[in-house]
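Protein sequences, first through last, are from chains X and R. Start counting the first sequence at 19; every next residue gets the next number (the working numbering). Start counting the second sequence at 510; every next residue gets the next number (the working numbering).
Hints may be right or wrong, so weigh each one.
Unchecked claim - Keeping only pairs whose Cα atoms sit at most 20 Å apart, straight-line, the calculated SDA-like set for lysine to any residue is: (1) Lys568(R) to Leu87(X); (2) Lys568(R) to Leu118(X); (3) Lys601(R) to Ser113(X); (4) Lys88(X) to Tyr598(R); (5) Lys26(X) to Glu599(R); (6) Lys592(R) to Ile78(X); (7) Lys88(X) to Glu569(R); (8) Lys592(R) to Gly81(X); (9) Lys601(R) to Leu118(X); (10) Lys592(R) to Pro101(X); (11) Lys26(X) to Gly81(X); (12) Lys568(R) to Pro101(X); (13) Lys568(R) to Gly31(X); (14) Lys88(X) to Leu566(R); (15) Lys601(R) to Val112(X); (16) Lys88(X) to Glu511(R); (17) Lys88(X) to Met559(R); (18) Lys26(X) to Leu563(R); (19) Lys568(R) to Gly516(R); (20) Lys568(R) to Val112(X); (21) Lys26(X) to Glu511(R); (22) Lys88(X) to Gly516(R).
Just so you know, the hints here were simulated from the structure itself, not pulled from any lab data.
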Amino acid sequence: MEILEWIKLIVGGAFLLCGLLIFLIELYGIFHLDYVLNRMHAAAMGDTLGISVSLIGLMIISGLNFTTLKMGLIVIFLWFASPVSSHLLARLEVSTNENLGNHCSIYDNLEDLEKELIEEKIKQEKETGGEEA
Amino acid sequence: MELIYQGMYIAVLITLALMLFACLIRAIRGPRIADRIVSVNMMGTMVMVMIAVLSLLLKEGFLVDICLIYAMVSFLAVIVISKVYMGVYEEKRHNSEVKSNKIGMEGEETHGNT
């Protein structure tokens, strides 16, 4: 029985440490990237993966009871809530920033983008075809 | 055994608190308002983990309920703040447009009079 306790401690602690590591990576991303729409990637990672991994560690440690169930509920709720809030924040940024063109390229209508993508694809296919021949 | 668990929980809590301060720096420095909201959202996530760890450290099950409520409230806060800020921005732009139109019309009138 003693060995089971130790296994529980080690596995739970490893999960918790993984969660902390993911939070650290998130923090690094927040300081390293230089625009909000890029930073949002890092923040969303911590919201879903970081909290789910660290709560799974705590669930393993706490065993099978109602606390575990509630922690699972938190993880599931955040899976639904985080994309919605990220979407709203991105919309806020795009609609209030007047010189967005400095940070990323903007297409007024989708057809231009589609045309450009198709041209790029044709170019790539030609290059790979030439290499094969 | 108990001592190891307690030491681990306290170490995790201290690390999370340090990361929370780093997040706060980002929230203060962030050049745009979306930066600040993103980092406040991140702080909310870290506080959720802290509350969950605390509930195991103190062996109080009800703290996990508080964590669930905290998740819901922080989600609601992001939605409300972004909606309110968008409304404020629209209003400001509308006001400035009206003002510039007025100035333009006045200029034309005075021009006509002279």
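Structure-based check of each hint:
Between Lys568(R) and Leu87(X) the alpha-carbon distance is near 16 Å, which keeps this suggested pair within the 20 Å criterion. This hinted pair does not check out: Lys568(R) and Leu118(X) have alpha carbons roughly 50 Å apart, beyond 20 Å. At most 20 Å may separate the alpha-carbon atoms for a hinted pair to count; Lys601(R) and Ser113(X) meet this at roughly 13 Å. Taking the CA atoms of Lys88(X) and Tyr598(R), the gap is about 39 Å. The hint is violated against a cut of 20 Å.
About 54 Å separates the Cα atoms of Lys26(X) and Glu599(R), which puts this hinted pair outside 20 Å; it is violated. For the hint pairing Lys592(R) with Ile78(X), the CA-to-CA distance comes to about 39 Å; that exceeds 20 Å, so the pair is violated. Only pairs whose Cα atoms come within 20 Å are accepted, and Lys88(X) paired with Glu569(R) is accepted, the gap being roughly 13 Å. Our distance criterion of 20 Å between C-alpha atoms is broken by Lys592(R) and Gly81(X), whose separation comes to about 41 Å.
Of the supplied pair hints, the one linking Lys601(R) and Leu118(X) holds, its CA atoms being roughly 19 Å apart against a limit of 20 Å. For the given pair, Lys592(R) sits about 16 Å from Pro101(X) by alpha-carbon distance, which is consistent with the 20 Å threshold. This hinted pair checks out: Lys26(X) and Gly81(X) have alpha carbons roughly 9 Å apart, not beyond 20 Å. At most 20 Å may separate the alpha-carbon atoms for a hinted pair to count; Lys568(R) and Pro101(X) exceed this at roughly 32 Å.
A hinted pair counts as satisfied when its Cα atoms are at most 20 Å apart, and Lys568(R) with Gly31(X) qualifies at roughly 17 Å. For a cut-off of 20 Å, the pair hint linking Lys88(X) to Leu566(R) stands: about 16 Å separates their Cα positions. For the hint linking Lys601(R) to Val112(X), the alpha-carbon distance of about 16 Å falls within 20 Å, and the restraint holds. As the CA atoms of Lys88(X) and Glu511(R) are separated by approximately 23 Å, the hinted pair breaks the 20 Å bound.
For the suggested pair Lys88(X) and Met559(R), the alpha carbons sit about 15 Å apart, so the restraint of at most 20 Å is met. This hinted pair checks out: Lys26(X) and Leu563(R) have alpha carbons roughly 18 Å apart, not beyond 20 Å. Restraint check for Lys568(R) and Gly516(R): satisfied, since their Cα atoms lie roughly 15 Å apart, inside the 20 Å limit. Restraint check: the Cα-Cα separation between Lys568(R) and Val112(X) comes to about 45 Å, which exceeds 20 Å; the hinted pair is violated.
With a C-alpha separation of about 13 Å, the suggested pairing of Lys26(X) with Glu511(R) holds against the 20 Å cut-off. As the CA atoms of Lys88(X) and Gly516(R) are separated by approximately 24 Å, the hinted pair breaks the 20 Å bound.
Checked against the numbered hints given earlier, the structure breaks hints 2, 4, 5, 6, 8, 12, 16, 20 and 22 and satisfies all the rest.
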